[in-house]
Amino acid sequence: MEKKRYERPHLVKLDTGMPSKAGLRGDSPATTRIDGVQVKELIAKFGSPLFVMSEQTIRSTYQKAFKAFSTRYPKVQFAWSYKTNYLPAVCNVFHQEGSWAEVVSGFEYDKALANGIDPGKIIFNGPGKSAEELKKAAENGSLIHIDHLDELYLLTDLAGEMKRKPLVAIRVNMDTGIYPMWDRFGFNYENGQAWDALNKIMLAGKLELVGLHTHIGTFIMSATPYAVAASKLADLALGLQQKFNHNIRYIDMGGGFASKNTLKGSYLPGADTNPSFDDYAEAITTALVNSGFKPESLPLLILETGRALIDEAGYIITSVIANKRLSTGRRATVIDAGVNLLFTSFWYEHPVTPAQGFSQYREENTLYGPLCMNIDCVRDSINLPLLNKGDSLVIHYTGAYNLTQWMQFITLRPNVVMIDREGNTHLIRESESVNVISGLEKTPDYLKHVK
Amino acid sequence: MKINENLAISESGFLFNPSTGESFTVNPIGAEIIEKLKVGKSEEEILNELHDTYEIDKKSLQKDLLDFNQILKQYQLLEQDEETSN
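One line per chain: the protein sequences are A and B, in this order. At position 359 of the first sequence the residue is numbered 494 (my numbering), and the sequence of numbers has no breaks. At position 61 of the second sequence the residue is numbered 73 (my numbering), and the sequence of numbers has no breaks.
Everything labelled a hint here was simulated from the structure, so no lab data went into it. Computed from a predicted structure; not experimentally measured. Among these hints, one or two may not hold up.
[What the hints assert, rightly or not] Pairs of lysine-lysine, DSS-like flavour, derived with a Cα cap of 30 Å:
id: 1; chain 1: B; residue 1: Lys-53; chain 2: A; residue 2: Lys-138
id: 2; chain 1: B; residue 1: Lys-71; chain 2: B; residue 2: Lys-85
id: 3; chain 1: A; residue 1: Lys-524; chain 2: B; residue 2: Lys-75
id: 4; chain 1: A; residue 1: Lys-246; chain 2: B; residue 2: Lys-48
id: 5; chain 1: B; residue 1: Lys-85; chain 2: A; residue 2: Lys-270
id: 6; chain 1: A; residue 1: Lys-148; chain 2: B; residue 2: Lys-75
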């Protein structure tokens, strides 16, 4: 006789308190396939845990964002934020769609060059550029966004030795009505630092001022501050026009758009409450169009959106190592993907769905990763079906920052695959081996032998 | 292990403890275990019967039964004398 499908015995006490007005259904459907490919097959072929990137989602999200801006403003250019996810396969999907590159270090700059992008389409941001890096970028005709006066002076000095005039913008920080104000990057608008830096550039004449840049913060859950920021940059640009008869080529509004993730402590899911690309586009483009620019001299609008373009395209497939009960009676599940792979679990309540069908029974769970460290908690509290050892789960919205901020801590990092638009799976980063890590380590001779 | 004999359990998995007034939901296999306990089956018998019926290895089943027993204890669904003797 064929045996019946097993489910763990489960009993839960019914509480008859006041219903929660923020109560939401916790029974998300199972994710048995990603872009048509069976999760089971992916695990069998590439192991668990496994990062999965969806090319289709990257492209459709990019197209949605581009459409939101380009239908409202005549000249729009996206620049892919390398720090968000700099796997070459991912970057090149964005470059194929038309994105430039936005980098914040010499390492990222070299990655962009290696990806084959025209150096003139690389924006070099960040507070930590070395003299060599600045020189290289300037001679290549890349767009250098100056962060502080020391960099401005250094680049001005270097410009004397160069064959071509460095193309520069300054980064401007400002009060847009949000907290915290990111005043650690760039020159302040309100206290006149920004205008002072612009005067220095224009009067020295050694650098070619081509743009103005701001990046007001991260995961901004309202579009209005972007309108304030765009107005303030437009004001600086118009001031340059009036004082120096100089037209800048572009205004770069940076990034910071929220993805569909839910910040920890939020009342409602981010997917329902965070602004859409249309909301951000409406705020920014309306502010620019309504500023004093003549229609024919509107500058190019550059956007460096990272997170909102890639978060939804990333998944982590993970498997249950064990389930246990804590001293309070609470259920805990140990999975094979922890904060070493999912850095963003410190910020978000990532949606997690089972990768196989279950009954309607759910229990509240704490999801722990495999690390022998107390910090390794992926979800403090989540309703999940009755999981058994070996069952699989899919963690959603993991495309941003995890593949750059993941840690080689305690264990090695796993395979990363991309599913293309035809449903073919490509390995885009191989899992690490102990030799990859120990190959970089050196042991002095006298420490090579342990008695 | 002896279950509180006064427990009322419906076919749909609704469980009522008349001595405390508390209500619970239990999944089908949980209800099956409670019914077996009610008719006085031993833990060993229950383990073997469930293993014969369900697609599960004996060690995992044993671990889950132990856990279920803890939950029954936590909610005071076992007979008092039995519970204190454990």
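Structure-based check of all given hints:
no. : hint                     : verdict
1   : Lys-53(B) <-> Lys-138(A) : holds, 21 Å
2   : Lys-71(B) <-> Lys-85(B)  : holds, 21 Å
3   : Lys-524(A) <-> Lys-75(B) : holds, 11 Å
4   : Lys-246(A) <-> Lys-48(B) : violated, 65 Å
5   : Lys-85(B) <-> Lys-270(A) : violated, 72 Å
6   : Lys-148(A) <-> Lys-75(B) : holds, 21 Å
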